[in-house]
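Chains E and S, in that order, are what the protein sequence lines are.
Quick note, in the numbering used here, the first sequence goes up one by one and the last residue is 261.
Quick note, in the numbering used here, the second sequence goes up one by one and the last residue is 397.
Derived from the structure by calculation, the hints contain no laboratory data.
Note that the Cβ used here is the ideal one computed from N, Cα and C, for glycine as well.
One or more hints might be untrue.
[Unchecked claim] Listed next, the stretches of chain E that the computed footprint assigns to chain S, with coverage defined by at least 3 CB atoms under 8 Å from CB atoms of chain S:
| id | segment |
| --- | --- |
| 1 | 86-96 |
| 2 | 154-162 |
| 3 | 218-226 |
| 4 | 253-260 |
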Amino acid sequence: MEIVVCVKQVPDTTEVKIDPATNTLVRQGVPSIVNPFDKNAVEAALQIKAKHGGKVTVISMGPPQAKDALKECLAMGADDAVLISDRAFGGADTLATSYVLAAAIRKIGNFDIILCGKQAIDGDTAQVGPEIAEHLGVAQVTYAAKIETEGDVIRVEREHEDGCEIIEVSVPALITVVKAIGEPRFPTVKGTMKANRSQIPVWTVDDIQVDDQRIGLKGSPTQVRKIFTPPQRKHGVIFQKDTAREAVTELINKLVEAKIV
Amino acid sequence: MAVKIMEECIGCGSCEAVCPFGAIAMQSGKALMSGICTQCGACIDACPIGAIVREQEQRFVGNDKDQYKDIWVYIEVSGGQPRKVSLELLGEGRKLADAMGQKLAGVLIGDSVEALAKEVFAAGADKVYMVEASELACYSTDGYTATITDLINKYKPSVMLLGATNDGRDLGPRVACRIGTGLTADCTGLGIDESTGLVAWTRPAFGGNIMATILCPEHRPQMGTIRPSVFKKPIPNYSLEGEIIRVNSKIKPEDIRTKLIKVIETCTASCNIEEAQIIVAGGRGMCKADNFLLIEELAGVLGGAVGASRAAVDAGWKPVMHQVGQTGKTVGPQIYFAFGISGAIQHLAGMSSSDIVIAVNKDADAPIFKMADYGIVGDAMEVLPIMIEEFRKVRED
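Okay, chain E solo, but in the shape it has when bound (with noise of 0.2 Å):
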């Protein structure tokens, strides 16, 4: 199976704080992290290698900085990396980053699955892995909780709002992963050595196989208008008693009086 696993690395936003005098993100101090979910999708790359052999090249699309998170995938045991970093591909939405990522996955040529995370913690988003999948014109298959595979065909537990679905697909097709696919597992320390060794190969847009037009802002159909901060509710009524049962009595009186309950 020759896998390719599309990462991104993100601000830890968990670690992200709003300043509340200036109503700003404070970003000092935010470690840049590979995304949960890719690092989850990295994990069943090599399950999947572990079982059936075959090569695990794991991409990314960023600022030269996300080498460290490439790096961290090959320590975890992935064969090969590629970042995706030139300047014109800046302020590229959902639409421009996965005909970007797509057009490398072209280059690299040969591959059964494409995997990615469910979804990025800093965008949230989960449009880039479908719109991979429709550029390269495969099959997809979202929200995978479970994956086997079986000659070319690809079974998987798709996760839904009301339970699961089993479904089953033809390689070549692209699957995003949840949390439930596996425990990422701990780069080993030989891993780690030939991580830092790898010398990690940049393509830049003269690399990759891209109209202009469609690349970077100039091909994002949506564009920021504005950010702010969310607006905060207004604080409640707070019972801080010296035992449960008056906190509880008087939180009910009050339910009560404003017809909740």
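Starting from the known structure of chain E, arrange chain S on it as the hints suggest.
Structure of chain S alone, referenced to chain E:
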């Protein structure tokens, strides 16, 4: 449309203070934009002398915009009924259609779904585009993408709304990409941008830390997925009627590359949190799986569903179907109880449209109290049994 700081800059620093991304720095008495600028434009409004502008540049040319009109809502069918979110979107779509002087249409796809059209009209639609075929009996990415793309190319809607469900988020990007238009994901607000008349799509980003309003100026339809439970479902008016436009399906069985083998419905009433009017949710403060029995008991007394924070799901105390938050489900019940949930912004992003929030937490400084309507500072394990007892009394009265 790059954001640029002009020569007139007086170096006052107003823009530096408002930039949500820290992309502006002061250098020799002037503001300087760095490469991490996301073109969000927050600085444009902040500049007191108008020295920051959005540069118009030739963009990838979209389709002929003027040919496109009407607001469409994709009607997702689940268990033979329209999903609640689709009806919520008809309610919201009606407002957009009225404001834009256009028609509202539902898109109904499946095998023998005609009976559902009356629900779509009752929720405010003027028209229903209906495609029926046995190949379309169940949702498939390939079948539904091709069907909707054909409808869009033929009837040219200006706006298309989909619910941000697992299927909606599977379908939306595939359709948008095939058409070559923009899609704004997971919106929590819809409006009309005053200066352009475009749909203003508002959504949380950065794990809910900030909100972004997105426009799709040159491409049609303007598309978006909208989170369930953000808008209220309209009260059905069955005296409303509309026009059904039947369109033949072009889908052949071999067009659908995925095969649905089995559907496993594991969702019970207690995990149907998107439809629930009362949700009792627990977090890390519940300490162990067994303690969720109390949460379930209270939910039972109140006739509500059970929610869980990401921490509780990660700990294995509740399955992921119960998860509320940015990467879980979005809920909007009348009453949301949060037991032992600290209130990380990612959790708040999933439940902030609840009417009433009641929080119980040991830590008086927990962020959940900042958005709770009522709060009790105390141990959830101590409060829960008393609450169960007291609510049981109230219910019996």
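Does the structure break any of the earlier hints, and which numbers would those be?
none
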